[in-house]
Amino acid sequence: MTATEVPAPGADREYKVGYLTRVEGEGSLVLQVRDGIVTEARLKIFEAPRYFERLVVGRTADEVIDIVARICGICPIAYQMTAVHAFEDLYGVEVLPAVRALRRLLYCGEYIQSHALHVFMLHAPDFLGYPSVIAMAGDHRPVVEQGLAIKKIGNQLISVLGGRPVHPVSVRMGGFSRVPWRRDLDGVRAELDRAVEMAQATVALVASWDPPALETNRMLVALRHPAEYPYNDGRIVSSDGLDLAPGAWGDAFEEHHVEGSNALHARTRDGRVYLLGPTARIALDADRLHPIAAEALAVTGLADEIRVNVHRSIVARAVELLGACAEARDLIDGYRAPAEPKVPFTPRAGVAAWSTEAPRGLLHHRYEVNEDGRVTAAQIVPPTSQNQGAIEADLVAFAPSVLDLPQAEATQRLEMLVRAYDPCISCATHFLDLRIVERGRRRTTA
Amino acid sequence: MVIDERMPYAPYPSPIGTAVAAPPTRIAASGGGGPWFLASANLGVLIDLLREDGRTVIGPTVVDGAITLAEIRAVDDLPAGIGDDQQPGKYHLVRHGDRRLFDYAVGPTSPKRWTFPPVVAINVGRRDGRAVTFETSSIDPPRLALLGVRACELAALGIQDRVFLGGPYTDEDYRERRRNALVIAVNCTSASSTCFCTSMGTGPEARGGYDLVLTELDEGFVVRAGSPEGADLVARLPVRGADAGQMLRAAEAVGKVAATMGDPLPTAGLHDRLLAQFDSPHWAQIAERCLSCANCTMVCPTCFCSSVTQRSDLDGGVSTSERVWDFCFTAGFAKVAGGSFRSRPRDRYRQWLTHKFATWVDQFGTFGCVGCGRCVTWCPVGIDIRAELLAIAPPLSARPEPARAKPVAATPGSYATARIVSVRPETDDVTTLTIGDVDSAFLAGEFGQFAMVAVPAFPPVPISISRFGRDTIDLTIRAAGPATAAIIGLGPRDEIGVRGPLGTSWPIERAMGHDVVIVTGGIGLAPLRPLLDGIIARRDRFETVRLFYGARTPADQLYREELRAWAARGDVDVQLTVDRGTPGWTGPVGVVTQLFDQATWEGQHALAFVCGPERMMEATVDTLESRGLSPDRIFVTLERHMECGIGLCGHCQTGGLFVCRDGPVFALSQLGGIFGREGM
Amino acid sequence: MSAVAARPRLRVGIVKMASCDGCQLTLLDLEDELLAIAERFEVVEFPEASSSRSAGPYDVLLVEGAVSTPEQAAEIVELRRKAKLLVSIGACASYGGIQALRNWSDHDAIRAAVYAHPEYVESLAAATPVSEHVKVDAELHGCPISPEQLREVLVSVAVGRRPQIREEAVCLECKRSGTVCVMVAEGMSCLGPVTQSGCGALCPTFRRGCFGCFGPREQANTASLARALKTGGCEDEEIARLFAGITGWSGPFRSIAAAYGGPPGVMPFAVPAGTEGGRDDRN
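Residue numbers (this note's numbering), protein chains in the order written: chain F, 2 to 447; chain S, 1315 to 1994; chain V, 2 to 284.
Hints in this document: simulated from the structure, not taken from any laboratory.
One or more hints might be untrue.
To be verified - Chain F stretches covered by chain V per the calculated footprint, using a threshold of three residues with CB under 8 Å from any CB of chain V:
| no. | segment |
| --- | --- |
| 1 | 24–34 |
| 2 | 124–136 |
| 3 | 146–155 |
| 4 | 166–176 |
| 5 | 182–193 |
Quick caveat, the model's predicted, so the values are computed rather than measured.
Note that the Cβ used here is the ideal one computed from N, Cα and C, for glycine as well.
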């Protein structure tokens, strides 16, 4: 069968993308249809396992912060934040309010940078029909330049607080190794008005793009906070009424090995698939959005559609991008340097567990710690491995709508669906469960 | 301050002596003069005036745990009541609890940062087809006032003036920056332990090269002008004439600083001495510690080396060139297409030190070093160039062994008497006598020396001095025969005859900055105890200190309380073993070499001191050599039959050496094949 | 885009092995110059950002990530044949990176666990730098690499000059910027003196010690620095943990870390003696 031929109705077919592009990490896609029924929809992750949950064993909290950043080059801050909050929660550390504000500001920077990257450079080409942002720039240069400009402001914000946008260096137990200099904050503040304007334009732009049709009703999971749009802090809630402390992820969810993959998948304890990320956050936390972002969302009129058609996640991301720009601006305006950049702490033995909202969705860490403050075991659950079940279920739901298209176009549509999740595949391969077989007995480490 | 041929450089001594050049008379005649007095409360007026004149004031301020130089907007920016404590590789601030502003030594930055900035644009090059243009970057230096410049820094400015302006080719960027910087000096009223401007003849008193100089008193400043600009400035300040009392106190304050510094680095003949040591093995020893990190060169106010970098657009059509700080310790500094001329760290260190203290003189007529001590403080591993220079090229007047007290009663016939103060049994057959009423020569003795001890009717015996007290010495004696038994049998207030202190000593100075390994057995710990006392008294001058001590049984260990106390300090690794354990002994059992023959530490950076039965010393020396200690860094003390103790009776001769006079402490390299040889 | 220049654009590829993608992202982080670069170079292969693929040949191939599986080991050899210039970018490609810390652990134990489930992809005994498999024309260090240095490499390829990557300690960047030494003034442990510059002395500027993410500089005197850290009060295992970090698998850092006891969490043999595939317990 050639790429442009339309297959006969009812024929068996296979859609395969050997190497997914414009996603972070290495994965492949396989969809098998037999007798008109989808028999397999699999997102295969063949990114090499990197064993992070083993690499942190024996390390102190501050070292863990540096190590786990390296799980992801796009969202290192999410990993640093989740780790630092987990240990601070166990050690009973209260950071100063100004430090908490700086952490939110740092997370704003990550949202701005990560969402701008995805919206403009990874996802927009699908909507406008280009293989890459570089090709897209040929005909849509102003749009691309706007995306690059917003991303640059996000990076600048992160650099001002953490030194560099990838793997920032200043997040420490109890606060920061140094708070930002006033002149640097003023410099990025001067850019944020422009960023807000560009983000508002971005919401309108992406809302105007027609997505492929899809309607699913998935269980949605996100953090929820009494006052803020959730980044560092909040309780784990779901569309089904779940309500857990941020460290209690394991009470409702668990990880499984699934054949054919280097990554663990997550399900609820009663076996259900669920969805994280901008879609879930907009659905569950829209009333916490920054007023400017809430306004922009209302204008699009797409709040309900976002919830059921994951292709609309680009709008959700643009709204969150706008919210992050606006909140960053407010945070800088209200910032007063704390008396100390960080407070001291004393390690103790126990379990350090926490969840934060990475740009791609809820990220959970759990560390077992001994009385010297060294990690003895770790569990890191990235959002993408939690979304994998939803991705595959959506592929099954979506497949019927592309079966009548030429092979190449159908495959491209399926890949576009995967991209709508903004999967972060390198993160997903955090660990390969080591089942050590001892004379027939199975003992799982970590 | 205008730099032109009429204005000589800051006065600087010639390298031949430490004579100070007189201040240029032109300044005195130009109506500079003074001195005046400026009240503390009015220092802010000076700063305001300078800023009104359009100058950015650069002065000392606290940043990130150090007093560094940065823009000063008001007196409040200055480090009131704050000083510094500086050691090799260590710096921290101290609070004096007063309101004085300049009671600190120098920080990591120097005026060089403004006269010779880390990055300066040089030119923009363009290529358009065949044509190329190079547009020299315009020099537009800011108008500055450097506040708080010390005498050493003035000398450094003078040195860089010579480098950049005194030769056939000049650096106009430097000239413009110098021209635009007003210099307000401050005489030092405190010095840190790393300062040695007195040795280099550059301070602590500022003697020229400034527009204004201030000396701080509790209530204000004694002010002198050093140039027409300075005089103009004084005319606008609320000063009055300084009275005699103030002038005296100012001079005393500075004089006191000079006195506390002393002369840590005698420079007479240093140029020739240093160049004669190009092949010294000491360079390799320094290289074991030197990180080649270039920190010393960057904090140095005179180092002037740089590199030129290009930053171009994607086509190479437009390219900006910059001059950046770069120094001889970096890898690429001496690289050419075929390789590097100075690839080994020891070569780089040699280049730096010989340039600074020898070849600089040939190039520019003065030393390159002003004695500010920054390189000592800011070296992460605390290499002290004063110590290294003394080791590589010791002053000619210094003998290899430090000068020592003349022994008391140094003829075979005469004895001085001393009185036993206390007697302390250490083990079944070893006793320590503390004796007092000793001649002061004994108290000035050195670690490892011994005394000839006598009681009438018994042969005199050589006994190591096992402790030097304030007015007593300890002798630890084993009852090996009738003479020693007789001595041990004495009690407090009994008298005893002594001659000494005799013999060579453990070279503790050489061990500074190195690891120390002490291996001993049985009573061998006695002559090593003073060495341990000395090391512990200045613990920070040594790196790791390890003591390995073996005894026959636990009951045969000497100084058990001291062993516990040393171990409890935490900074001395005390490891004990016995040949035979007894109930209650939970430590190792075996020969003392077993304590370290499998250890992971290496001896390339260590000195070892060994004392014990000769066979134990032989085995120890073998093991130490296999751990990387070379014979010139292993020291042993030998015991032989001694009667006169002063090399006249011939009994203690071994090979060509008299153990009593050429030893008893020897470097293994001195002994050569004698050590361990049968029949010696 | 109307191309006036007659010369053909250089074909650039960007590929990854086992890594976090952060170094590739640095290219995308050259925001202001990205489009200019894309005009000067033809980015023919860049899966993270482009669905346009190419199997080569490449004038310049940037490789991120450590070689960690047999597939990658085969792939890098293949890629080398197709690339005129191969530049490894980042700590993972240059030194094995953070995942190379697993190399300290006994791989038989891990392998026995892996093969217990045959659907798992094989991993190699060690995560290794690209240079252990193929000849590398240039290396950019850092975790992540410095955007300035990446730009410099691309510009120098375009112009035809040697890339100006300074070979010096982080200390030079600290002192040039006027940052106060965290080690001397605040007693922090800092690997700056033995680490390659390139980051702008980020960590000391943010008042923490350097942890060596740009890797060891030439002739790094790690033994002396380790001794100084110990004299300053660090325990042996602290020193080992500091050197066994992001670039802990590099030669100089690996040997000094080993001398001080090695990193924590090293996996001992878990399969007891007598079990198939097992070995005597040596730990």
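Tell me the numbers of any earlier hints that the structure contravenes, in ascending order. Number 5 only.
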